[in-house]
Every structure is written in C-alpha cells, then in structure tokens.
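Asker: Using the sequences provided together with the hints, build the complete structure.
2 protein chains.
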Amino acid sequence: MELAALLTSAGINIGVCALLLSLYSVLRKQPGNASVYFGRRLAEERTRRLETFILERLVPSPSWLAKAWGYSEEEILALAGLDAVVFLRMIVFSMRIFSIAAVVCLFGVLPLNYFGQEMKHVDIRYESLEVFTIGNVAQESQWFWIHCLALYIISCSACALLYFEYKSIARLRLLHITQSPLNPSQFTILVRAIPKYKEESFDDTVKNFFTRYHASSYLSHQIIYRVGKVHKILNNAEKACKKIKMKGVVIDKRCQPLRYRCGLCAGQSTSFQLFNDKFELSSKKSDLCSDSRAKEKECGAAFVFFRTRYAAIVASKVLQSSNPMLWVTNLAPEPHDVYWSNLWIPYKQLWFRKIATLIASIVFVFLFLIPVTFVQGLSQLDQLRQILPFLEGVLKRKFVIEIATGYLPSVILQLFLYTVAPIMLLFSSFEGSISRSGRKKSACCKVLYFTIWNVFFVNVFSGSVISQLHVISSPKDIPAQLAKAVPRQATFFITYVLTSGWASLSSEVVQLFGLIWNFIRKHILRWKDNPASAPSFPYHTEVPKVLLFGLLGFTCSILAPLILPFLLVYFFLGYVVYRNQIVNVYCTKYETGGEMWPIVHNTTIFSLVLAQIIAIGVFGIKESPSSSTSIIPLVILTLLFNEYCRQRFHPIFKNFSAQDIIDMDREDEKSRRMEEILEQLQSAYCQFPPDIAEFLNDEYGEEDLVTTKVDIENSSKDEKDWLNHPTLGGLPVSRLKEAVTSLSLLSTVSQNKDSQT
Amino acid sequence: MELAALLTSAGINIGVCALLLSLYSVLRKQPGNASVYFGRRLAEERTRRLETFILERLVPSPSWLAKAWGYSEEEILALAGLDAVVFLRMIVFSMRIFSIAAVVCLFGVLPLNYFGQEMKHVDIRYESLEVFTIGNVAQESQWFWIHCLALYIISCSACALLYFEYKSIARLRLLHITQSPLNPSQFTILVRAIPKYKEESFDDTVKNFFTRYHASSYLSHQIIYRVGKVHKILNNAEKACKKIKMKGVVIDKRCQPLRYRCGLCAGQSTSFQLFNDKFELSSKKSDLCSDSRAKEKECGAAFVFFRTRYAAIVASKVLQSSNPMLWVTNLAPEPHDVYWSNLWIPYKQLWFRKIATLIASIVFVFLFLIPVTFVQGLSQLDQLRQILPFLEGVLKRKFVIEIATGYLPSVILQLFLYTVAPIMLLFSSFEGSISRSGRKKSACCKVLYFTIWNVFFVNVFSGSVISQLHVISSPKDIPAQLAKAVPRQATFFITYVLTSGWASLSSEVVQLFGLIWNFIRKHILRWKDNPASAPSFPYHTEVPKVLLFGLLGFTCSILAPLILPFLLVYFFLGYVVYRNQIVNVYCTKYETGGEMWPIVHNTTIFSLVLAQIIAIGVFGIKESPSSSTSIIPLVILTLLFNEYCRQRFHPIFKNFSAQDIIDMDREDEKSRRMEEILEQLQSAYCQFPPDIAEFLNDEYGEEDLVTTKVDIENSSKDEKDWLNHPTLGGLPVSRLKEAVTSLSLLSTVSQNKDSQT
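Heads up: the protein sequence lines correspond to chains A and B, in order.
Positions 469 to 1225 (this note's numbering) are the ones given, in order, by the first sequence.
Positions 469 to 1225 (this note's numbering) are the ones given, in order, by the second sequence.
Keep in mind that the hints were calculated from the coordinates and are not lab data.
One thing to keep in mind: the hints can contain errors.
The list treats identical chains as one, so a pair stands whether inside a single copy or across any two.
[What the hints assert, rightly or not] Below, computed lysine-lysine pairings styled on DSSO-like, alpha-carbon distance capped at 30 Å: (1) Lys535 - Lys635; (2) Lys996 - Lys497; (3) Lys675 - Lys635; (4) Lys588 - Lys952; (5) Lys1122 - Lys822; (6) Lys497 - Lys822; (7) Lys816 - Lys675; (8) Lys816 - Lys1122; (9) Lys1122 - Lys675; (10) Lys996 - Lys952; (11) Lys816 - Lys666.
This one's a predicted model, so the numbers in the text were calculated from it and none came from an experiment.
Answerer: Pasting the structure below:
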C-alpha cells in the first residue's frame, strides 16, 4: 500500500464520518427520533417535546459536539454514575498516552525508519507504507537505541498515568460508596445453599440460623422463589392482562413491563423496580409460608437484611458453616441490579456451570473461524450456484457476481461478529451471575479475550485455526513469530483503525438499529413510546473495542508509528461521541462502582508487555542483541508495577473497608436516619413486579378496589389458579394477589361498562 | 537389566535394611542414645533411665516394630497431634491404593505385557525387565482395553479413597479446632502495616484504631519490636552469659536457649516459649512506651487480642482500611509457632519478597543440575589430577581410582541433594512467613516441586538443562515424549525405589547424623543433654519423599507393574518406621491442624492426571487410537473431581466457620471459663525468652535476688547498655531486665565465691 492510497482511504473515511455525523445532527432534531437519541432524557423527564416544524431542523450543525465536550466530570458523575466516568477515563487515558507516544514516535522513530536504509526514496506520495515501519531499518543498525528509548518513555509514562488513574478512580469509588444515598445492597446479603431440614420450611431455617448466630444484627429476610414457577404465574398474569386489553380498556402500554424477560437476553429490568411500600404486609406472610405446599417451591436462597452495613459485610465475608457448600453468603447486588432468574440456581451447580462456561468460551473463541471460513467458502460462486440453483439466472450478471464474491464474505463475517456479544452474554448468564452488572462484566471479559485473539492474533498468525494451534504448541517461538508478523500486518491495522474504528463510532452515534426499530415500532407495529425502555450502556461491547485499539496502538507504536495519528483521531472522536451518548441516550440502571477499571488496567499492562516482547523479537531479528536485552528489565519492571497495583488498589474494588463502613453506620445512627433506612430496606427487594397494583391504584383510586365486591367467578381457570396459588408467599406476592384481584375486578368492571354502553 | 539381577539387588537391599533395623533395635536400647531415639519421651517425661548394663541390650529384637504397629490413631492423635495423623494417613492411603493397583496390575496387566508379543521366552530369571513393561505389547494389539480398564479402576479407586480421606481429615480438623484446649491464637490477630502518625506512638495508634472500630470486642494488644535490635541485645546478653560461664559457675547448659537463632536456619524454637505470667507487668508498660526514643524502634506490627474468637476472625477477614496496604490483619499463629524474626518485615516488602522467592526457587530448580554436572565433570580422573596435583601419587592405585570415579559423583550428587531442603527452608524464611509451620509448609511445596522435577522429569528427559528447556518450549510434544521415555526409565525407577526408598527409611530410623552428633556432643564437646532440643518432624523433607514414590507408582503402574511390590514394601515399612519415629523421636511443638492434606491431595491428582496423559501418549505410539480416546473422559472426570473437592473441602483448611466458632465462644461463656482464658491470653505471646529469670528464680530462690543489692558497676559497657536500653519496653522486657540484673548479680556472687575459695 502506498502513502497516497492510505491518505485517500483516510479522506474517504473522514468524508463518510462527517456525512454520518451531519446526518446525526439533523436526525436528532426530529422529534420522532427522540426516543432513539434522547432515551435517557425522556426516561428522566417523562415529557414530550412539541412537534413544531422549523427549518432549522433540517440544517446540520456541530453544536452537539461542543455541548458533549463541555460537560464536566462532576456533571457526568451526577448524571450517569461512576461506571460512565470510568469508561470516559479509559478514553482520556488513551488520549493522553497516545499523544505522548505520537510526539515521541512521529518525531523520533518515524524519521529513523524512513531513512533507515541506504536507498533512493521516490516521491513520498508513492512511497510504500513499509518504508515507514521498522522493517526499513538496516540490520545491526546503531540507531535502535532510539527505538528502545521511545519504548521506555512510552512504557514509563503509561505506568505513571495508569497509577494516577487507578489512584483517582479508587478515590472516586470510595466516595461513591460513602457519599451515595441509601443503598439497600449495603445492608443485605444473599444467602444461597440453605440446607433443607425435614419439618422446617426454608423460612424458619433462615430465621433460626440468623437469630442464633447473628442475633444482634439480624433484621429480617426474604425468601427467593423459583423462577420457573414465577414465570408460569406471570405468563398467566399476562394472559389476564391481554384479555382485558382485548376488551378495550386502554391499559396496553402500562401492561408491557409485565412481560416476563427470559433472563438470557440483555433485556432491561423495567419489570423489577424499587417499590416504596405503603402496605403493611409482613403480617400476611406467615399464613402463606406455613402452607406445606409452599415449602416445595421455595428455593434454597434468601436475602437477609441486617441492622448495620458492617454486620452485612461481616456476614458476607466469614465462612458460615463448616460445610462450605452450605450457607454461602455474598453481599447482595443493588435492587435494580439483581438478576432474579439466576438466584434459584442450586449452589452446587455453580462450580460446574462456571467450568462449563469457561470451556465453552474457549472453544468458541478458537473455533469461531471454522463456521466463518465454511460460510465464506460457500459464498464462492460455484458452490452458491450448486446450493441455490434458482439463482442461476441472476448470478450470470457481472454486477451481481462482484457483489456476491466481493462483499458477501465480509458481510457474513461482520454478521457473525455481531453475534459474539450476545452469545458471550448468554454464556455469562448461564454461568450464574447474581447481578446484571456482574453478568455484563463477565461478558465484557469474554468479548475482550475474543476480540484480542480473533482480531489481533489471528490476523498476525495469518488466519487458519491450524496455524493458531501450531503457535500455541510452541510458545518459545512466539516472540519471533510476532516480531516477523506484526510489522508486516501494521498496514492492515492502520486501515482497520481507519475503517472499523471510525465507522464504529459513526454508527454508534447514528444508532442505525435503533432508528430502524423505532420506525418499525411507530409506523408498522404502532406501539407507543415507552420511556422506560431506554437501553443501558453496552459496556460489554464498547470496552473491548476501545481496549483493542489501545492494544494496536501500543504494539504498533514503535514499529509503525503512522498508526498513531489515526488512533488519536479515533480516541478524540470517541471521547465526544461516547460523552454525547452517555448523557443523551443510555440510562444508568445499575452501577458497579467502577469495577470495570481493573479490567482496563490489566489489559493495558498486557498490551504493554506484549509490545515489549514483540520489540525484543524484532531487535533479535534485526541482530541487535544489546537492544533486545535492554528491553528485558522493562518487561520485569512493568510486571512488578502491575503486581504493586494489584496489591495496592485491587482489594478496594473487591471489598468494602471496615473503617469506612463503620463510619457510615455511625453517622446514620447519629443523624437518626437509621430507622428510616431499615424501614425502607425490607421492601427494597421485590421479586414480583408491582406495576399492576400501582397502575390500578393510580388509575381507579383505592376506593373502587376496596368497596367493589371482588368477582372472580367469571375469570378463566388460569386466572383462578394464579389467584389462589399458594406458592406466592412472602411479601411481594400478597401485593401481587391484590393486584390481580384488582385486575379481575377490573375485567368485571369493564364488562359492566361494555354492557352499559 | 535382567529379572535375576533385580532380585539380587532387592536381596542385597533387603539384607542391608534388615541389618540397619537390627542395628537400630540394639542401639535404641543403649541409654546413651536415648536423646537420639527417645527425644520426645525425654522432653515429655524429663526423667533419665538408669544406666544398668544387661545382656539383653546387645540382642537385636523386632519388638519395636510390633509396638509401633500397635498404636491406634487416637493414641497418635493425642501424642503427636493432627499433623502426624495426616502424615500417616497419607501413607495409609498409598498403601491402600497401591494394594489395589498391585492386585489389578500384577494379575491383569503383567501377564499381558509378558505374553504381549510373539517371541520365544527364555528362562524367566534371565528375562530382560523390558519384557515386563508395556513396551513388549505388540503394536495395534487388541488387548489394550485391559490396560485402559486397569487405569480406570486405579483412578476411580484413588478418587474414592481421596474423597473419603479428605472428608475424614476435614472432620478431624474441625474436631481439632473445636475440641482443643485453650488456643490463644484463636483470640488473636496479627496486625501489620500500622500507619505511622506524627506525635503518636504505634501503641497509641493501635489502641485508638481498635477502640474506635472494634470497641465491643477489643481486649488489648502487644507491640512487636524490631528483631535487629533484639538481636543485638541478645548478643550482648550472650556475651554476658559467656563471661559468667568462663568464671566457672555451671550455668552453661541453661544459658544455651538464650542464643539468638538467626531465623533462617531450621532451628528449634526453644527460645520462644509459652510463659505463664505471674507478674503484673502491664502497669510498667506505659513509662517505657512514652519514651520518645522507644517509638523509633517499634515496628508497624502488633498482636491484638479480642474478647471472643468470632471477633478475632471477623477482624482478620474484613478489609480494615480503605488503603489495603495499611492495617493488614491475619489470624495470629499459635504462640509456639510464631516466627518472630519475620514479624518486623515491613508489609510493603512482602509482595516483593514473595516474587523474588518464587523466581529464585524456579531458577534453583532449573539450574540445580548445572553445578552438579560441573562438579561431576571435575571428578573425572584427568581433571582431578590437574586441579589437585599432590594427589598424583594416590590416584595411581586402582582401588582409589575406582572409588574416585565410581562413587565420588553419586556422593557429590547426594550431598548436593541434602542441601536442597535447607535452601528451600531459607527461601521460605526470606519469603516472610509469620509462622514456623507456614514456613515449613511453604518449604514442603518447594521441595516437592524440586523433587518431582529433578527426580522424575529430569530422568525421563535424560538429564541436561538444555533438553529440559527444550521440552518446555514445545508443550504439544510432552505426552509423546513422556510416553516414549517413561517405560524406558521404568527399570531405573524400580531400582530407585529399591535403593533410595528403602535406604531412606533405614537411615531415618537409625538417625545416623543424630547418632554422630550425639557422640560428638557427649564425648568431645562434653555438653549435657538438653531434653528440650528434640527436633520437630521434618515434614518438608518427608512429605515430598512419600509423594514422589506415589507419583512413581501411579505413572509406572500400568506401564511397568513390577514396581508395585517394591513400592508396597516401601509403604508398609514406612508406615511402621514413621509411626515409631513420631511416637519416640520427634517433638510436636506446633500444629497446622492438617493443612498439609490439600498439598497431598493436589499432588495425588497431579500424579493421576500425569499417569493418564502418559497412557494416552503410549496408546498413541502403540497405534491404538480407541484406547487413547477412551482415556480422555477419565482425565476430565479426574479434574472435575478435583475441582469438586476444592469447592467442598478446601475452604475448611483456610477458614474457620462462624457456626463452630460462635458455639465455642458461647460454651466458654456459659461455663465461665472465658475470663480465665482472657487473663491467660495477654501473656501468651512473649517475644523475649523468659528462661534466664525463670532459671535464676528456680536456682537461687527469689529472696536472694530481692534482698541482695544490685551491683552492676563492674559489668562491661555492653552489659550496661543492655540493662539500660529504653527500647526494651513492654511486657517481656521488664522480665528480661530483672533476669539480666540477676545475671550480673550472679557474676558478682561468683566472683566473691572465687575469691573465697
């Protein structure tokens, strides 16, 4: 590839990006697209813009860029939470380190590469890109110390920046923990693997255990019901709901959240909302729980609430029983964050599920290319004709042939790549995460490994599965192999940044899928907007993407410095785009409190070490042993630095410290807020959606419900089953019962109305 | 090697063993050797046998074998603690599994190997040993399924036995925790990395922190002093002690425990003993600690005592500060088990020390053979002559040449091997273990890796460092390499069991080094017996030895079943010998509570999986792919079994469970023993040896010391320094002061005595 060709390609890509961004600036002004581009705002404000038409709506403007750039970190923190700030910090870190790298490499390394060999340089526009890589430096050159120095500068500044980022994010996390308003999860633990005793319900077992061993701090508990059962019940509820809808009462849009989510897809958790309890329900609990049939359907898991945060943390940290497979305790996730459908999984299955997921992910990562190559092979013209004979006529035209052979393979590859994130998320669900954020974090790691392997290494080791396996089986040759392949592939990586990187940002901001779906929903399905359906930020796809570009940057910086300007454009554009998206589009439904940062840190260290190892290999090939050996201390120092950070900061992201937590408890006790907190606590975790009851209360007033005699005689068998179901014990179910009673009642009411009109 | 030769060799070894055992049975009857063979009994009873001479003392008898066999497990548990029982269980497990393996392999696999190929068998006595290995089975034989079946039977019974052993040892450990008499370590945590505040001593910092955050359960604390300082002081004390000794007063033997142990050698901990405090010393603390100079010499570590066991465990488990490098807490080791000289190590150094030790150990394991080969090369005759020309004359005799070339290399190798355990122990000390048992456990792991690598793999991969590294660099070929090499080396392993295995047991029981040292001490140095100097069991050398023979057994069982009878003899003999040694020779000074078992379990699983992988390779070479593939599920099942055990049992060996601990606390509170316990607690950990004071009190009576005026004017500068040293604050030092005062006094008394005579 020549420099001119690269610049042309860059020009085209800049044009496409500019076009898409202008398109976005127009589309975002259309009120019809508000739910796509302002999901967060709609969800927060619950107001609609007026649909007045002014000409300005059709003129592209760059004002959104300035607006997105203008937000301060405090504002983002207040708006979107710590996770978003950590994500942006990751981009800021990349901007900083690659600015340094660009200065060092463009002015130090690039001229050295260009004039590295005695050769006649042609017009720089027609110069091959190879000339700008380290491949152009003569063997045994005396100037490799500049490459070494550049690598030292980049590594040291990366470590320094990483250290300060880690420190400041750890500080933010501590503030997030201590300064945040009431967080029920701090008072709650999730107990799993509750042992089953004869003649005793789980409810009694939990109560007895915690009153015996944690008497001073135990407040109450909430048994978790098996999702399979709830699923069925909710399905019935939905049927009842639909029945009413069909009868013409306008409750369709509000019923939607009732739909049961399968728990595997990345669906939002609107169906499980924090509910400020107004009813006195604890008293109703006992009669349901004493039912003998109820016992069978409970599962061995419960939320246990404590009087202080410290007590909850202690209970979650200490081994409870001398059989480690019983009474397993964890700190509970936040109420919005609970992944209910995984809580029922018997604890004994978990280790097995984890291993199975691990193996499945590894197999998936390695064997991903097999079906892709197969399908790509299929797209060969002859095979296509063989399989789909009716296309014979069409496939004779030259234009069609070009598309089929030229674009089909890459489209298929791209489509396959789109399936990776959902599949990894599915694996993470199967693994048994108890929280949505945990599931996303786990999926993020899996996608990260996948991306690094399948984009970086597979390209470097030229594709086939066989050669991948061959590399693994001889680890000694890896540095030399990498050293040979990376400079060769540098041109590809530069174009990858140009096309895939910039394009992904443009498509992120335009939200093509969202736009299409919005159109279908509005104009074909004729559903109404549901402001609560704004998506949450897809960390599991975006974090690996940004980290991959970081990896490309570190590994290519001293070998092919031309990549750096393109990377810098990517990161600066990404900074604005992601800020815009975080502020306008995505909702923050749950928080991990910055737990993503250790992943970012470790990946960056991995990239640095990989870059250093490749450099060792390259210097080895270039027969400059002194340069090779001078890098080895850098590798060791980088690894030591990583170990130090792991010791110094990582525990903060895993545990709460006693000091902070006790101070928080004391403050709340002093300010007499504790009682209020504890009252709210017991209704914070709600396994069943209270929407129906709430809706009915809002819509019809409580009097109607209370005074009208309940008439459920006319309802179907399913509905009756649902109403009389004994397993719906515990706090939320009694709510549900009321709600459903009201629903049936409503159906009667509406029938009456129908007959009246 | 022929079968007859093997049997001859076995005969010779049996003879040697029988001789040594008879020798032992005679030697043990000599009263002079009591301190070698009955160290434990002497230490416990503190009585001497009468030295009457009867003829019976010279007649060898096998009665000790029967006696050693006769002890029940309960007796051993009561006598020598759980660790000894776990060690014996390991041997029992080996006996059981290799009995099963012997039955299966000798009757199933051995005939198959022998008649595996169409060949004319010569007289069985002159048959090569190769004929009995799997190498003799024809390619593509249909009978490999018997080998597979044998491997399945061995693996499954090993897993079943392992499971039951793990379960029963876990039960024993729980009993050990709950039923043991007062254990101060359960109430105590070790706090390290105490932050340094200006204008506040560590003492105040610790007190403030724990009264603030653990007010309800905090009892008191004890600051740890820097060993370097104590070292100096104790050296001075020793000098003083020696001075007195020279003046002729007979206190030499009692002064010995005062000698400061360097903390790196495997020395015994007689200098740090549980001391039942009789003095009221806490009151004296304050005046010493308020001294400004004292602050500098304290180090950032302390023992903190709690009112209940549960509180101590909670404090040890929960992250204390939001900076994880401050206020680091661990459960304290038992008082006898504390490794004082490591407690002062700044916590910030620990991670670095751990990494350094790890690297050093790995380098040592790999490079061990280099000096050995070098020295062995030196022992070549020519080189020897060149280096030591004065030996020219001697080296001309044939007999000397034979010894020099034949025995010198193996003697040197053996000597080098003897250095491994001390060096690994030294590494473990450097690593920063806070307890002696932890240090030994860590050394045990290191010696284990060393042994398995240098005895098994190096022999298999035929020796040189280069070929070792070559193997690592191509992991794919390992199974095939092993499959080729192991059957070839089987003969060597059989003779290894015969010679090294049996001989190590005989030498263990005869205690040659102990015997010689005892002789030197008694007849040349003329020291008197010190019953407290009985050694503790050298788990770090014996556990790896037994596990290595297990590894040889598993890997060779289906390949060369002839090894099994010899192994069985080893284990049965070992069972008796180790029981005898545990009951008679070794003292139990500290306990890990069976923490050795997870190491045994993991190593056994490793051996099993290794045997299975080798089998896969062998079947591959023998072109029996169906047998190869049928082993793969076995590998997976074994690994799953291991993972299950890790989940089910391993936490018990790492943590105490809240349930047990709270029950223990309640029981003690009910029975009103708690107050008594807490009183004893505060004087349980004693950094300075109280021996002198105790001795003097015993010897001279308290009145002498109290009424005689202290005269230290005549003592040397060092002694005065020592007496007036302000850093000797805290509880034990005031004791020391008294003791030393008494010593000086004594020196005056003795001078007076001298002048009188």
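Asker: A separate judgement is required for each hint: does it hold in the structure or not?
Answerer: Cross-check of the supplied hints:
no.	hint	verdict
1	Lys535 - Lys635	within (29 Å within a copy, 65 Å between copies)
2	Lys996 - Lys497	within (19 Å within a copy, 99 Å between copies)
3	Lys675 - Lys635	between (42 Å within a copy, 29 Å between copies)
4	Lys588 - Lys952	within (25 Å within a copy, 57 Å between copies)
5	Lys1122 - Lys822	both (19 Å within a copy, 22 Å between copies)
6	Lys497 - Lys822	neither (46 Å within a copy, 60 Å between copies)
7	Lys816 - Lys675	within (22 Å within a copy, 43 Å between copies)
8	Lys816 - Lys1122	both (23 Å within a copy, 20 Å between copies)
9	Lys1122 - Lys675	both (28 Å within a copy, 27 Å between copies)
10	Lys996 - Lys952	neither (57 Å within a copy, 72 Å between copies)
11	Lys816 - Lys666	within (20 Å within a copy, 52 Å between copies)
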